[in-house]
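Same order as they appear, the protein sequences are chains Z and W. Following this note's numbering, the numbering of the first sequence begins with 1 at its first residue and continues without gaps. Following this note's numbering, the numbering of the second sequence begins with 1001 at its first residue and continues without gaps.
By construction, these hints were calculated from the structure, which means they are not laboratory data. For clarity, every value in this text was computed on a predicted model and none was experimentally measured. Treat the hints loosely; a few may be bogus.
So the derived label-pair ranges between C-beta atoms look like this [stated by the list, open to error]:
{"#": "1", "chain 1": "W", "residue 1": "GLY1281", "chain 2": "Z", "residue 2": "HIS3", "range": "35 to 43 Å"}
{"#": "2", "chain 1": "Z", "residue 1": "ASP163", "chain 2": "W", "residue 2": "GLY1281", "range": "49 to 57 Å"}
{"#": "3", "chain 1": "W", "residue 1": "GLY1322", "chain 2": "Z", "residue 2": "HIS3", "range": "30 to 38 Å"}
Far from chain Z by the CB rule (all over 10 Å, computed), these chain W residues [to be verified]:
{"#": "4", "residue": "LEU1052"}
{"#": "5", "residue": "HIS1237"}
{"#": "6", "residue": "VAL1258"}
{"#": "7", "residue": "ASP1353"}
The beta-carbon is built from N, C-alpha and C at its ideal position, and this holds for glycine as well.
Residue-level listing of the chains:
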Amino acid sequence: MPHHLAHVIGARPDLIKAAPVIRALRERGVPQQIVHTGPHDEGMSDAFSRDLEIPQPDVNLDVGSGTHGEQTAAAMVGLEREWVADPPALVVIFGDGNSALAASLVAAKLRLPSAHVEAGLRSFDRSVAEEVDRMVSDLLADLLFTTSPEAEGQLLATGVPADRVRSVGPAGERIADEIVDWLAARKAGDPGTAGSAA
Amino acid sequence: MRLANVVGTRPQLIKAAALQPALRQRHDEVFIDTGQHWDEAMAGTFFRELGLRPPDKILGIGGGTSAEQTGRMLVALERTLRAVAPDAVVVYGDTNSTLAAALAAAKLNLPVAHVEAGLRSFDRRMPEEINRIVTDHLARWCFAPTEAAVANLAAEGLTTEVHLVGDVMRDLAARTLTEVRKASALAGIAGGGLRTGEFVFATVHRAENRAPDAIRGWVGLLDAVARADRPVVLALHPGTREAMDALGVAPSSNVFVVEPLGYRSSLAAQLHAAAVLTDSGGVQREAAWLGTPCLVLRGSTEWVETTEGDSASSVLVGLDSGKARDALDRLAPPDRAPAEAARRAREQSIETDGATESIARLLA
């Protein structure tokens, strides 16, 4: 029975976003794993983690530098290997890089539920590579945390069921509470919030 | 326009064959095969009988886990698409090749055209469903085969550049029909000797029909309808055959088990058969276009339009031998079936939606 959450971190801004959520979940006693995909020059130094008061990553996939395709491919293969061996109860995706794209696809194909933090953001400019990542993560997530009514509206307009969306603002505490509730509901087999195993 | 036309599996090769003539009339095509289901032995004949040009680029990527396969395709397609520098990328259906090509193109800011857009099973446990959803949302053009597909896309907020073009497979069937009217088109099947209207053509390939109970069910059904003077020609997917052999079950000697047929042979067999028995949605549609009675070896079908109404020539029989025998007696009685089949082979024509022409025209 899987029990831990897997946080997927690519670039440093992802970790800054994740830190309050990780701290709040720790206070609530939820087991967590931090997976750093390890793009080039985005190393998580001890000092960086210490400043954010979170542990060092449990797993470093070390995908290094490369094209979008190369980085996404390396992250996909690494994440699949990790999660086939030890499937998490929920994959939590921060941000909108190749790591987020890879995590969303692998979770969906392994039928692991995923949550997307800062969901529904759009530039409406497809020439921005991150726009692709954001779209795919939102399409495939089971739980979407939004920070604005515009983001929520964007998700509903693309057919995301309203019961998957949580308007929480940027607060890590709120996100942690929602994750704890969602996990409890899923465990209880509540079809309202945990029906999809996408 | 310079188009990168990306395929990987056999069904995608057939769809590309349907589209290729119309595309090449208006556009420059670079034909790319990821090799997802590459079969060296079959490839030559397969391309020849479809009239398909050999691929310009063969990436040779098959096997591996889902992430390994998709990842390797992503890397190879990114490199290939950079080198080819097309104006747009055409993808088909819902395989890992479809997903990888759509993602690679989107990241290179190349517009994507999705053929067979908007199909949904509403079951996200199926990897194909993930591939469909992501590809539809990344595509600039969604070419939908049916009204239902258009409605599925609209429900996900996709309404611009969504085009109801019809089924590209219908165009290919219409073209190929004229080449298989003579009984000589049956020559290569089951060792030869098949006569128009004096055999039943069957295919079994679906995963649910590989379970032990299901195998016993359809083997029993085929035995019940096969006769010495009207044998069943069963084209069996290798995986299904393996499962049947492993179970130690074999149909009677009135059932001829053969390898899966190529596209043209399969269409010839369907046109000249007294009736078709199948669990394939594709074969079910082709049989309907050809006017050949069809017994569907499933409890339900997503192609309901072929099974409804008084004049319907398709019947859902599941794995029920009694129902299958009754349906055959009604739709293809042995005393009338040969004349009926001969008339179809001579006169049947297929009106097309012009899907391939519409797609080629809309890509501008």
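To see whether the hints hold, each was checked on the structure:
Evaluation of the 35 to 43 Å hint for GLY1281/W and HIS3/Z yields a pass: the beta carbon distance comes to about 41 Å. Look at ASP163/Z against GLY1281/W: about 32 Å separates their beta carbons, and that is not inside 49 to 57 Å. The hinted window of 30 to 38 Å between GLY1322/W and HIS3/Z is violated, with their beta carbons roughly 51 Å apart. With a cut of 10 Å on Cβ distances, LEU1052/W stays outside the contact zone with chain Z, its closest approach being about 27 Å.
No Cβ of chain Z comes within 10 Å of the Cβ of HIS1237/W; the nearest lies about 23 Å off, and the non-interface call holds. At roughly 34 Å from the closest C-beta of chain Z, the C-beta of VAL1258/W stays outside 10 Å, upholding its exclusion from the interface. Remark: the non-interface label on ASP1353/W is consistent with the geometry, its nearest Cβ contact in chain Z lying 27 Å away (cut-off 10 Å).
Comparing the model with each earlier hint shows violations of hints 2, 3; every other hint is respected.
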